[in-house]
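K.L.:
Now for the letters of each chain:
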Amino acid sequence: MGLLEVSGPVMIGPSSSHTLGALKIARFVYKLMGIPQRVNFVLHGSFSMTYYGHGTDRALIAGVLGMKPDSFDVKDSYEIAKMYGLMYSFESGDLGDVHPNTVLIKAWKDDLYNEIEGSSIGGGAIKITKINGVECSLTGDFPAIVIVNKDKPGALKEILDCLSVNIANVYLRRINALEGIALTIIELDENVDDEVLRCLKRLDNVVELYFVKLEEGELL
Amino acid sequence: MTFSELLEISISTNLEFSEVILAQEMMETGRDPQKVKKALRKIMHVMLEEAEKNYGKEFNTLTNLTGNNGAKLSNAVPYMMSEFNHVATVVAISMGESNASMGRIVACPTAGSCGVMPGALYALKYIKKASDDELLKSFIVASGIGNVVAKRATLSGAAGGCQAEIGTATAMASSMITYYFSRDPVKVGNAAAISLKSLMGLVCDPVGGFVEVPCVKRNGSAVNVAIACAEMALAGIESVIPFDDVVNAMYNVGKSLPESLRETAIGGIAGTKSAQEIVEKIREKWDSKN
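So the protein lines, in turn, are chains U and V.
Quick note on this note's numbering: the first sequence kicks off at 1 and runs consecutively.
Quick note on this note's numbering: the second sequence kicks off at 221 and runs consecutively.
Source of the hints: derived by calculation from the structure; they are not laboratory data.
None of these values were measured; they are calculated from a predicted model.
Careful, some of the hints might be misleading.
Derived DSSO-like pairs (lysine-lysine); straight-line CA-CA distance at most 30 Å [unchecked claim]: (1) U:K127 / V:K273; (2) U:K75 / V:K509; (3) U:K213 / V:K262; (4) U:K82 / U:K130; (5) U:K31 / V:K255; (6) U:K82 / V:K273; (7) U:K75 / U:K127; (8) U:K213 / U:K201; (9) V:K262 / U:K31; (10) V:K262 / U:K68; (11) U:K68 / V:K493; (12) V:K501 / U:K75; (13) U:K130 / U:K152; (14) U:K127 / V:K255; (15) V:K258 / U:K75; (16) V:K273 / U:K75; (17) V:K273 / U:K68; (18) U:K82 / V:K509; (19) U:K75 / V:K262; (20) V:K505 / U:K75; (21) U:K68 / V:K277; (22) U:K68 / V:K257; (23) U:K213 / V:K255; (24) U:K31 / V:K258; (25) V:K371 / U:K127.
Please construct the entire structure, taking both the sequences and the accompanying hints into account.
P.N.:
Structure representation (structure tokens):
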């Protein structure tokens, strides 16, 4: 927290937790896989109770369309979603013992399917709490690499060997024992260059690779 | 960082107060003061731009509980308010209503209290013809005051009640006005302390949980508290209790507020029978839409 966080950010209203935070969680999906073709939002707690009066629905759609928190388009995100042919649906659901402002986003794009769960924890700050069922705690303020990899001995070492930047956190879990598939989430201190991504792509053990980049201007 | 420490640095270094605040920010966050200054100028310009664009406009808000209050006030000839107060109040309400209709705002320090700072800023610019550079110095000082509250207490209505949001916004706006006219950090501290004391204990009780009632009009009255407290400080009135202590007190009051009065839409005016009837009607309308 500093001067810019106190006297900012510039955002689309009305609520930092219910509008800005919701947009940022949904934008994580966009940063992960681009604009999906179909998306389903499961709203929990306060999100499901008051979403309409806070524009949470429009903020979520704006987020998966990649809009920034201060974009004038957020208000018209339903119309813009039509232009992109984005199919969307909302439902209320009990996501368990989670923060009251939590949403689960299921997103489909070609043969890719991802599930992101995140909480808006106040003041526009968010926490991505689950990626494809694997628990994590990403603030969205740092870049991250998400990898679906073969669950083989040495796979993680190979992955980490490709990285030249400092690693903040690593989350790893087997997601499909039958197919021997695991999910690895690596939170980084700074963006990685293309060479790192090429190195990762070359690995036989890497099945799917997503890079959630920190964009210019998101932090000073 | 306490306010009294900032004051000490400004006295011992003889640096202009906004420079002290930027230097302190560099010590705490490692951020380049020039970059921070540039970013704050950008934020200030967004505020002024939105204030200009939305001045006295009618809005179609998300729940339609507000939306035409800025327009009403702007069309009325004030009976007793000065032009400065009138303009500041119209802007504060208009920004609150723009926020409630998904307009672009600056969460300074929060979305619910987004009208107070632009109200004061816009009045300084258009009634007092303040230059951009002079405004920026005062805006940085206001940010520094807000930062003291953020570091030592809270800015969140859910944690500390409305006193943390509108109270802080008012302390910031009052400091900004006071610094603009006096360039005196001691008076700034008095204005901030008197403001925060005036709104001490204010609860967060939004009807239905939506950022409209009472938030929008509270922005309008709060900017007048800011102006009044600045006028007092400029006249040499001192706060008996220093700002740092007032901030601590505000934090403690916030912690002792029951949960029903901290953004849960249970207590305060949100808990009234009329509020509950209004919310019922809004929900029926939404359900029929979906």
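K.L.:
The structure should be examined with respect to each hint, and the outcome stated for every one.
P.N.:
Hint check results:
1. Proximity of U:K127 to V:K273 is assessed by CA-CA distance (about 34 Å); at most 30 Å being required, the pair is judged violated.
2. At roughly 18 Å between alpha-carbon atoms, U:K75 and V:K509 fall within 30 Å of each other, so this suggested pair holds.
3. Taken as a hint, the U:K213 and V:K262 pair is honoured in the structure, with Cα atoms around 24 Å apart against an allowance of 30 Å.
4. At most 30 Å may separate the alpha-carbon atoms for a hinted pair to count; U:K82 and U:K130 meet this at roughly 28 Å.
5. The hinted pair formed by U:K31 and V:K255 meets the criterion: a straight-line CA distance of about 26 Å does not exceed 30 Å.
6. Restraint check for U:K82 and V:K273: the C-alpha separation of about 28 Å stays at or below 30 Å, so the hint holds.
7. Restraint check: the Cα-Cα separation between U:K75 and U:K127 comes to about 24 Å, which is no more than 30 Å; the hinted pair holds.
8. Restraint check: the Cα-Cα separation between U:K213 and U:K201 comes to about 16 Å, which is no more than 30 Å; the hinted pair holds.
9. For the hint pairing V:K262 with U:K31, the CA-to-CA distance comes to about 26 Å; that is within 30 Å, so the pair holds.
10. The straight-line distance between the Cα atoms of V:K262 and U:K68 is roughly 16 Å, inside the 30 Å bound, and the hint therefore holds.
11. Between the alpha carbons of U:K68 and V:K493 the distance comes to roughly 39 Å, so the proposed pair goes past 30 Å and is violated.
12. Of the supplied pair hints, the one linking V:K501 and U:K75 holds, its CA atoms being roughly 23 Å apart against a limit of 30 Å.
13. About 23 Å separates the Cα atoms of U:K130 and U:K152, which keeps this hinted pair within 30 Å; it holds.
14. Between the alpha carbons of U:K127 and V:K255 the distance comes to roughly 27 Å, so the proposed pair stays at or under 30 Å and holds.
15. A threshold of 30 Å between alpha carbons decides the hint, and for V:K258 with U:K75 the separation of about 28 Å falls inside it, so the pair holds.
16. At roughly 17 Å between alpha-carbon atoms, V:K273 and U:K75 fall within 30 Å of each other, so this suggested pair holds.
17. Between the alpha carbons of V:K273 and U:K68 the distance comes to roughly 21 Å, so the proposed pair stays at or under 30 Å and holds.
18. Taken as a hint, the U:K82 and V:K509 pair is honoured in the structure, with Cα atoms around 19 Å apart against an allowance of 30 Å.
19. Among the hinted pairs, U:K75 with V:K262 is consistent with the structure: their alpha-carbon atoms are about 22 Å apart, no more than 30 Å.
20. A distance of roughly 20 Å separates the Cα atoms of V:K505 and U:K75; the hinted pair therefore holds under the 30 Å criterion.
21. Annotation: proposed proximity of U:K68 to V:K277 holds, straight-line Cα distance about 25 Å (limit 30 Å).
22. Of the pairs offered as hints, the one joining U:K68 and V:K257 holds, with about 22 Å between alpha carbons and a cut-off of 30 Å not exceeded.
23. Restraint check: the Cα-Cα separation between U:K213 and V:K255 comes to about 22 Å, which is no more than 30 Å; the hinted pair holds.
24. In summary, the hint linking U:K31 to V:K258 is supported, as the alpha carbons are separated by about 27 Å, within the 30 Å threshold.
25. About 21 Å separates the Cα atoms of V:K371 and U:K127, which keeps this hinted pair within 30 Å; it holds.
Violated hints for the displayed structure, listed by number in ascending order: 1 and 11.
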